[in-house]
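Participant: Sequence:
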Amino acid sequence: MSTSTPITQYVLVRRTGLSPDAFAERTGLHPDLARKLVALGLLDAHRYAGGEMSFDPSEVTHAARIQRLRTGLGLNYSAIGLVLDLLDRIERLETAARRRRTSSWTPAA
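In terms of our numbering, the sequence shown opens at residue 278 and continues consecutively.
These aren't lab readings, by the way, just hints derived from the structure by calculation. Treat each hint with caution, since some may be false.
Label pairs and their computed distance ranges (CB to CB) [stated by the list, open to error]:
| no. | residue 1 | residue 2 | range |
| --- | --- | --- | --- |
| 1 | I367 | S296 | 28 to 34 Å |
| 2 | D365 | P308 | 35 to 41 Å |
| 3 | E302 | D362 | 26 to 32 Å |
| 4 | S380 | G305 | 39 to 45 Å |
| 5 | A326 | G305 | 25 to 31 Å |
| 6 | H323 | G351 | 26 to 32 Å |
Here the structure is a predicted model, which is why all the values come from computation and not from measurement. The beta carbon of each residue, even a glycine, is placed where N, CA and C say it ideally should be.
I would like the entire structure built from these sequences, with the hints used as guidance.
Facilitator: This is the structure:
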């Protein structure tokens, strides 16, 4: 009877994105406020098994938009969510309209 030592397998996970501290540095938001905006659904973040949070770099632009709506217009977070949803909808409609114009365009003979 042979005794063997169990083989330990490690899963390597490549974490991409910005840590809450790096995100805060780039956006000027306090890390706790960034976490709150994630909890409110205004920002997206990835959560890893250990509970660590990571932000996609594109969320920096999204955070800037939220800050402009908050400080520039004095909107509360509920209103910001509504405005962001409407802006996303407008963008999708404009993209669809551009596609229709492009696909229906025929060069003059």
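Participant: Run every hint past the structure and note whether it holds.
Facilitator: Now the hints, each set against the structure:
| no. | hint | in the structure |
| --- | --- | --- |
| 1 | I367 <-> S296: 28 to 34 Å | holds, 32 Å |
| 2 | D365 <-> P308: 35 to 41 Å | violated, 25 Å |
| 3 | E302 <-> D362: 26 to 32 Å | holds, 28 Å |
| 4 | S380 <-> G305: 39 to 45 Å | holds, 42 Å |
| 5 | A326 <-> G305: 25 to 31 Å | holds, 29 Å |
| 6 | H323 <-> G351: 26 to 32 Å | holds, 31 Å |
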